[in-house]
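Novice: Residue strings, one per chain:
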Amino acid sequence: MTTATLTTPLPALDHGHAGLANQVRSEWTKLRSVRSTWICLIIVFVAGIGLSALVSNIEAGHWNHLGLAERASFDPVRFSQTGSFLSQFVVGVLGALVITSEYATGSIRTTLAITSKRTTVLAAKLLVIGVVVFVVAEVTAFASFFIGQAVLLAHGAKALPAGSSILTQVHSSAIPYVSLADGGALRAVFLSGTYLLLLALLACAIGFVIRHTAGAIAAFVGILLVLPLIVSVLPSSVAQSFEKYLPSNLGLAMTLVTTRKTEFAGVLFTPWTATCLLVVYAAAAMALAGWLLVRRDA
Amino acid sequence: MISASRLTKSYGPTRAVDALTFEVRPGVVTGFLGPNGSGKSTTMRMVMGLDHPDSGAVTIGGQRFHDLRWPLREIGALLEAKAIHPGRSAHDHLLAMAQTNSIPKPRVDEVLGLVGLDSVARRKAGKFSLGMSQRLGIASALLGDPGVLLFDEPINGLDPEGILWVRNLLKSLAAEGRTIFVSSHLMSEMALTATDLVVIGRGRLIADTTVDDFIASNTEATVLVRSPGADRLAVALRAAGAGVRSREAGALLVTGLDASRIGDVALTEGLALHELSPVQASLEEVFMELTSDMVDFHGQTPVEVGA
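Going down the list, the sequences are from chains A and B. Quick note on this note's numbering: the first sequence kicks off at 1 and runs consecutively. Quick note on this note's numbering: the second sequence kicks off at 1001 and runs consecutively.
Isolated chain A (complex conformation) (with noise of 0.2 Å):
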């Protein structure tokens, strides 16, 4: 082994300082250098195409047993989204990771050593895990939309007359299938990809507060599918209160296609009320991880 030197000293960076477009770069090669990245990310793509074939397969071909009822509340574009429901635990794992992997690891000492801003670490992650779920999200929601429509035409759906809405379907004896000009639906597919987008978020910034991948995960899950349990043994008014406040309702409430007098009728915000509420709870959940990451010790 030879005695090294340092053959060729670094240029001098004379000008500016280590700042987020560098930590982006960073973030951006962790993210894509480990193979769980692309795990999720195509179990998202394959169950959002997949879960929307089947469903919309299933559905359609029990169109005939429906009653007036069901029929009315035959929804296409919620069909086409079913992957979400597997999906959003994905892009959670995802999110989580992206930080615990590191405190695991130990490797966080050694990104918070080469940073003089901590915050930057954060925002750069952030915006990384962001970028990237949502494209990821929106062509996965996109592809199955037009997977599920393009299902139910093979079983002989019909679009929607002329005019008519979602709304006005239940008239209609023949399985409906709608297109993204149909009333809500290019917005119910947009804000079905980013759901998947605060998740991740607001998992990422779980992340940030447990620093342990179990222990974020269940926080997550827990958010997900305990707290709707626990409200709902709750008196009935007091849980309709709440229920609607819960992200996995939230979820919903953004994705549907009306707010015509159905099942969630008053249950539910509107869309954009929900999504607003999710973007805060994310924020909410991020100004936490930031507060925490400057103050404690790594």
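Note that these hints are calculated values from the structure, not bench results. A quick note: this is a predicted structure, and the numbers were derived from the prediction, not measured. Beta carbons are placed, not taken as given, at the ideal position from N, Cα and C, and that holds for glycine. Incorrect hints may appear among the rest.
Said to hold, decoys possible - Derived list of chain A stretches under chain B, where covered just means 3 residues or more per stretch with a C-beta under 8 Å from a C-beta of chain B:
(1) 27-36
(2) 115-123
(3) 277-285
As the list claims (entries may be wrong) - DSSO-like cross-link-like pairs, simulated, lysine-lysine; straight-line CA separation at most 30 Å:
(4) B:K1127 x B:K1082
(5) B:K1105 x B:K1127
(6) B:K1082 x B:K1124
(7) B:K1105 x B:K1124
(8) A:K244 x B:K1105
(9) B:K1171 x B:K1105
(10) B:K1171 x B:K1082
(11) A:K117 x B:K1124
(12) A:K117 x B:K1082
Since the structure of chain A is already known, use the hints to place chain B on it.
Specialist: Here is chain B on its own, set in the frame of chain A:
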């Protein structure tokens, strides 16, 4: 240059670092010694801005860590060798680090070559041995070509060839004018590598000096004497005012008299000498004695802090 000034840090009721003041100068290797739990790692984490001191401050070239504009270009550190995502390749690990400080990509391959990991650069770091991980940690410390380098136990897990390599690397980095601060529990290794020493126990400074002064000022000069008439010689030497301990049959350890005086005494007694050699106390012996005194004096075991 690293300057710590009354650096203090407690974890709950445990005072890990207590009003620690020291300076690490450029151009030489400075060893950082202390028993387990004495606060070495905590001190190093505070230098790197990872732990916040309760009071006091530590600066790197006059600046606090959080004021450095390009931290990786100012100070490089090997704190925990295994602190790498096991599924990420050595190359990608270093690339992600380089990008945070606008360090050009070719530099990654250069430091990988420097530590001898170029052939495994694309392999997952999780498959690395401890020795390979240490080399990767050293590569990451060198990535930004920094003027100040911190190494926490850099030779753990290295084979003899690797230990020699690290020793030479540290010395040549110091010879280039860099500030090199190395912690180790292997005192014998520090005796070979370091010029300066910062010694702590229970979070307090014991010594901030050179290796030579540290040994000289903490040991009595001892001379090893072998003689067929050791018993008679011992009596005569004690009479001359020396402290005499018997090491084994025919061998004495003498303090308080230098070798020439001992020779004179032997001549006067008409005794043959088979050996007359000054004994250099090892850094390890001095260190053990100092720190064990400390622990005994306080009557309790220092608490392990951090990992």
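Novice: For each hint given before, does the structure comply? Return the numbers of the non-compliant ones in rising order.
Specialist: Violated: hints 3, 8.
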